[in-house]
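One letter stands for each residue in the lines below.
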Amino acid sequence: MTTIASAQSDALSSGNAAYAAGNYAEAKDHYSRLVADEKMSASLFYNLGNCFYQLDELGEAIWAYERSLKINPGHENARFNLAFAQKQTYDNLTPESSDVLRWFRGTFFVLGLNFWSWISIISLLVFCILLYFFFTTKNPKIKNYALTFGFVFFGLLNAAGLLAMLHKQYIIERHSAIIIEDSVIIRTSPSDTAKEAFNLHEGTKVDLERSNEDWIEISVNGNTGWVEKEALLEI
Amino acid sequence: MKKAIIFILIISAVTGFSQRTIEATVSSTSVTTYERFNYEITVNNNECNVSPPNFGDLTIVGGPYTSQSSSFTSVNGQRTQSFETKWTYTLEAKKKGNYTISAAKMICGDETQETESITISVGGESQQPSVDKDFFMRLSSNKSSVYEGEPFIASLKYYSRLQPQSFETLELGDATGIYRRDLNPDRTNFKTGTEIRNGVRYYTIELREELCFAQRHGKVQLEPYFTSLIVSRDFFNRYRKETYSNPLEMTIKKIPGSDHPDFNGLVGSFEVKGELSHDQVKMGEAIDITISIEGNGNMHDLGNVALDIPSEFDEFDPDIEEATKATRKGIGGKITYNFVVIPKHYGSYTIPGYSFTYFDLESEKMRTIQTQDFNIEVAKRRGVDIDRLQEVPSEEKSIRYIDEKADALFSTEDFFFGSWGYWFLILGPFGIVLLLVFIKRKKENRSDAEIQELDKRQILKKTKVKLNEAKTLLESGDQSQAQRILQIALEEFFMTKLQMQRSEQSQNSIESALINKGITSEIIRQYRDISTKLEMAQYAPITNENLSQTITNAENLFYELDKNI
Numbered sequence: 003m004t005t006i007a008s009a010q011s012d013a014l015s016s017g018n019a020a021y022a023a024g025n026y027a028e029a030k031d032h033y034s035r036l037v038a039d040e041k042m043s044a045s046l047f048y049n050l051g052n053c054f055y056q057l058d059e060l061g062e063a064i065w066a067y068e069r070s071l072k073i074n075p076g077h078e079n080a081r082f083n084l085a086f087a088q089k090q091t092y093d094n095l096t097p098e099s100s101d102v103l104r105w106f107r108g109t110f111f112v113l114g115l116n117f118w119s120w121i122s123i124i125s126l127l128v129f130c131i132l133l134y135f136f137f138t139t140k141n142p143k144i145k146n147y148a149l150t151f152g153f154v155f156f157g158l159l160n161a162a163g164l165l166a167m168l169h170k171q172y173i174i175e176r177h178s179a180i181i182i183e184d185s186v187i188i189r190t191s192p193s194d195t196a197k198e199a200f201n202l203h204e205g206t207k208v209d210l211e212r213s214n215e216d217w218i219e220i221s222v223n224g225n226t227g228w229v230e231k232e233a234l235l236e237i
Numbered sequence: 168m169k170k171a172i173i174f175i176l177i178i179s180a181v182t183g184f185s186q187r188t189i190e191a192t193v194s195s196t197s198v199t200t201y202e203r204f205n206y207e208i209t210v211n212n213n214e215c216n217v218s219p220p221n222f223g224d225l226t227i228v229g230g231p232y233t234s235q236s237s238s239f240t241s242v243n244g245q246r247t248q249s250f251e252t253k254w255t256y257t258l259e260a261k262k263k264g265n266y267t268i269s270a271a272k273m274i275c276g277d278e279t280q281e282t283e284s285i286t287i288s289v290g291g292e293s294q295q296p297s298v299d300k301d302f303f304m305r306l307s308s309n310k311s312s313v314y315e316g317e318p319f320i321a322s323l324k325y326y327s328r329l330q331p332q333s334f335e336t337l338e339l340g341d342a343t344g345i346y347r348r349d350l351n352p353d354r355t356n357f358k359t360g361t362e363i364r365n366g367v368r369y370y371t372i373e374l375r376e377e378l379c380f381a382q383r384h385g386k387v388q389l390e391p392y393f394t395s396l397i398v399s400r401d402f403f404n405r406y407r408k409e410t411y412s413n414p415l416e417m418t419i420k421k422i423p424g425s426d427h428p429d430f431n432g433l434v435g436s437f438e439v440k441g442e443l444s445h446d447q448v449k450m451g452e453a454i455d456i457t458i459s460i461e462g463n464g465n466m467h468d469l470g471n472v473a474l475d476i477p478s479e480f481d482e483f484d485p486d487i488e489e490a491t492k493a494t495r496k497g498i499g500g501k502i503t504y505n506f507v508v509i510p511k512h513y514g515s516y517t518i519p520g521y522s523f524t525y526f527d528l529e530s531e532k533m534r535t536i537q538t539q540d541f542n543i544e545v546a547k548r549r550g551v552d553i554d555r556l557q558e559v560p561s562e563e564k565s566i567r568y569i570d571e572k573a574d575a576l577f578s579t580e581d582f583f584f585g586s587w588g589y590w591f592l593i594l595g596p597f598g599i600v601l602l603l604v605f606i607k608r609k610k611e612n613r614s615d616a617e618i619q620e621l622d623k624r625q626i627l628k629k630t631k632v633k634l635n636e637a638k639t640l641l642e643s644g645d646q647s648q649a650q651r652i653l654q655i656a657l658e659e660f661f662m663t664k665l666q667m668q669r670s671e672q673s674q675n676s677i678e679s680a681l682i683n684k685g686i687t688s689e690i691i692r693q694y695r696d697i698s699t700k701l702e703m704a705q706y707a708p709i710t711n712e713n714l715s716q717t718i719t720n721a722e723n724l725f726y727e728l729d730k731n732i
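Chains A and B, in that order, give the protein sequences. Take 3 as the starting number for the first sequence in the working numbering and just add one per residue. Take 168 as the starting number for the second sequence in the working numbering and just add one per residue.
Hints were generated in silico from the structure; no laboratory data involved. This structure is a prediction, so every number in the text was calculated from the model and none was measured. It is possible that part of the hints are untrue.
Unchecked claim - Chain B side only, calculated, beta carbon under 10 Å to chain A, not exhaustive: (1) T361; (2) I363; (3) P477; (4) E479; (5) I509; (6) Y513; (7) Y568; (8) W587.
What the hints assert, rightly or not - No farther apart than 27 Å at their CA atoms in a straight line, the calculated lysine-lysine pairs in the DSS-like style are these: (9) A:K231 to B:K511; (10) A:K89 to B:K564; (11) B:K610 to A:K143; (12) A:K231 to B:K169; (13) B:K492 to B:K440; (14) B:K449 to A:K89.
As the list claims (entries may be wrong) - If you want a taste of the chain A side facing chain B, the calculated C-beta under 10 Å gives, among others: (15) S16; (16) G17; (17) N74; (18) I131; (19) L149; (20) F151; (21) V154; (22) G157; (23) L158; (24) E204.
By construction, the Cβ of each residue, glycine as well, lies at the ideal position given by its N, Cα and C atoms.
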């Protein structure tokens, strides 16, 4: 295990060194290798995003910053760079991000991967102890306390479990994407010969709806249409 | 008679002085179409205001020309001065019918005088050649049948028996639905010649050649042209000759397939060329696309040329350069449209070529020609769009640096939630607790057993009380009751100690139970004795002493049994 971990940190530091030397393509390769191995971290995606930006790959840069912010919504630099890059997109659509959701994620999803899982387990243990006492004690006062606190910890167990589940789902599931082709035609149905609905350009964020073999339905600003999957990267 | 003459003379003299008159005359009240005639208003003074009549549908070709004259007359010593003012209009009618010229008015202070209205009757077309064989004009076409938009030449030739001296005016007839262009607009000399027609020698002048294009199908007409020339019979005899030509009627053929959606109305023969100034540019760099249409035909009818430019380009109205000439074959040359487009975004773009469909005269078919498509590569601009940057609220003009101290790497498998371990830890303790509760409960059920224990301990005391009760009853003489009590005491004792119901108790069953409990046979014999005695006592009474003894024996038995069970 330790060799894998150190190999990973090697790749990261090689990437950082390459970036510092101005070899952005090389740095990008180092980071990308980690991403290909399904490794994630807010810094990894942030650094990768910077590489893409330096290489004028605006769409990929925005995608990387978005993924970084998904993992750590409080990453200020990633948020700044994302806004910076978004200003250079052709479509210049203001992304609709609900402030409530953002606050929620920023508060609850930044405490570590398994924080809520452990809280739920601890709550469960306390709950079980209280349950035991509730069923076995003859003392009505103890029984009362056991009942009350039992409910409290049961609720805590459910809340923590729910948060843990939401956090995991949020990180794993992909509901949005970034256009990475210079300019794409969005069509009314998933075929090359379908009627053209509208155009989008590199760097625009879209929401994902239904999907087909090679095509996917996207929606942006109330408009929907189909585009080939290779034209975008999922966040 | 003399009196009448004098009277008339006096009246005339008087009226000659003071009467104001207005008169209107025409040169002819009966004319043919296009034949010109004059209408004249004559007024005998210059003091009043004259208003002209309404000519209705008659065309005013010339005028009003004004002339004034005054004269002095002396009659028998009487001098009179008379004035005359004339207005002359030259009129013509284009169609047959009756026309009315209303009255002309003269207003002198309060007085108004009117002329009479005049009716002109206009008869049918007059063909000059049949009216005047000495002077006529012929309008002819070089083609008898053409398509819409196909060029033909209308020539105007003047025939005169006398040598024409000079040329005054030429007026074109109306030509609705026909586009005309003079083939020799700068000509100053006319081509002259002589021709013999029907044995008569004429002088000819080629007055005009016009390149014509019909703009619709069906029947179109060039209306008669008009000229006035000066001809001379001999040196002193010169006069003006006014002549009308024949009208020229043509039947124009409809273009087959002209409902083709791309048909742009051109007829003739054409080629189109497209040129792209740059195919690799940066954002914001201007590109020229030039479309040139070259050929011969009705190029004046070429409408708008437009290209399908993608929305990522700024486009401007094209610069149009026209280099065409009217020749006997039609209007030919080159028209160039220069489009300027500026890309606002990078990427690869294709502007579809310009195509149009025209009617090819040679093959008499619709033909579609087009330029090549224009492929343009727009490179990304390195660096940042400064204008857009104004919206970023900070002084920083570039992105921030990478994270050198990175947070820990993880993968989706590192999520504890939902894994086997997690569910184990959730359900495990829960299960354990349930198990514990269950066990505890089970333990508490054994307290029933404790109750049994308690009962067993207490039964000896209870039995002793009962036995005492039996003894007392016996001493008081109630033998049967004492028996019964003893019986009950036995049953209750065994009920508790042996856990046997009354119905299960019989001497045999109790004995076997006692044996099972490991009671010695000595004690069992004691029991047997008591039990048998009790049974016998039911059928035959026993003595009080016997019963008393039995009770005491039972007491001992109970005591012994209690120790062992």
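Going down the list of hints, with the structure as the test:
1. Restraint check, B:T361 versus chain A: the minimum CB separation of about 72 Å is more than 10 Å; hint violated.
2. Evaluation of the B:I363 hint against chain A yields a violated restraint, the C-beta minimum of about 73 Å exceeding 10 Å.
3. A hinted interface residue such as B:P477 counts as satisfied when its beta carbon comes closer than 10 Å to some beta carbon of chain A; here the least separation is about 8 Å, so the hint holds.
4. At about 7 Å, the closest approach between the beta carbon of B:E479 and any beta carbon in chain A falls short of 10 Å, and the interface hint on this residue holds.
5. Of the supplied interface hints, the one on B:I509 is violated, with its beta-carbon coming no nearer than about 14 Å to a beta-carbon of chain A, more than 10 Å.
6. Hint status for B:Y513: holds, given a least beta-carbon distance of 6 Å to chain A, under 10 Å.
7. Taken as an interface hint, B:Y568 checks out: its beta carbon lies about 8 Å from the nearest beta carbon of chain A, inside 10 Å.
8. This hint is violated: B:W587 has a C-beta 13 Å from the nearest C-beta of chain A, more than the 10 Å allowed.
9. Between A:K231 and B:K511 the alpha-carbon distance is near 25 Å, which keeps this suggested pair within the 27 Å criterion.
10. Of the supplied pair hints, the one linking A:K89 and B:K564 holds, its CA atoms being roughly 12 Å apart against a limit of 27 Å.
11. For the suggested pair B:K610 and A:K143, the alpha carbons sit about 22 Å apart, so the restraint of at most 27 Å is met.
12. The straight-line distance between the Cα atoms of A:K231 and B:K169 is roughly 127 Å, outside the 27 Å bound, and the hint therefore fails.
13. This hinted pair checks out: B:K492 and B:K440 have alpha carbons roughly 20 Å apart, not beyond 27 Å.
14. Between the alpha carbons of B:K449 and A:K89 the distance comes to roughly 19 Å, so the proposed pair stays at or under 27 Å and holds.
15. Taking 10 Å as the C-beta contact cut-off toward chain B, the hint placing A:S16 at the interface is violated, the least distance being around 12 Å.
16. With a least beta-carbon distance of about 8 Å to chain B, the hint placing A:G17 at the interface is held under the 10 Å criterion.
17. Using the Cβ-Cβ criterion of 10 Å, the hint placing A:N74 at the interface with chain B is satisfied: the shortest such distance is roughly 7 Å.
18. For A:I131, the interface hint holds, the least distance from its beta-carbon to any beta-carbon of chain B being 7 Å, beneath 10 Å.
19. Taking 10 Å as the C-beta contact cut-off toward chain B, the hint placing A:L149 at the interface is violated, the least distance being around 14 Å.
20. Checking A:F151 against chain B by beta carbon gives a least distance of about 15 Å; that is not within 10 Å, so the hint is violated.
21. Because the beta carbon of A:V154 sits about 17 Å from the nearest beta carbon in chain B, more than 10 Å, this interface hint is broken.
22. Taking 10 Å as the C-beta cut-off, the interface hint given for A:G157 is violated, the closest approach to chain B being about 15 Å.
23. The beta carbon of A:L158 is not positioned within 10 Å of any beta carbon in chain B (closest approach about 13 Å), and the interface hint is therefore violated.
24. Interface restraint check for A:E204: the shortest CB-CB distance to chain B comes to about 8 Å, inside 10 Å, so the restraint holds.
Of the numbered hints listed earlier, those contradicted by the structure are 1, 2, 5, 8, 12, 15, 19, 20, 21, 22 and 23.
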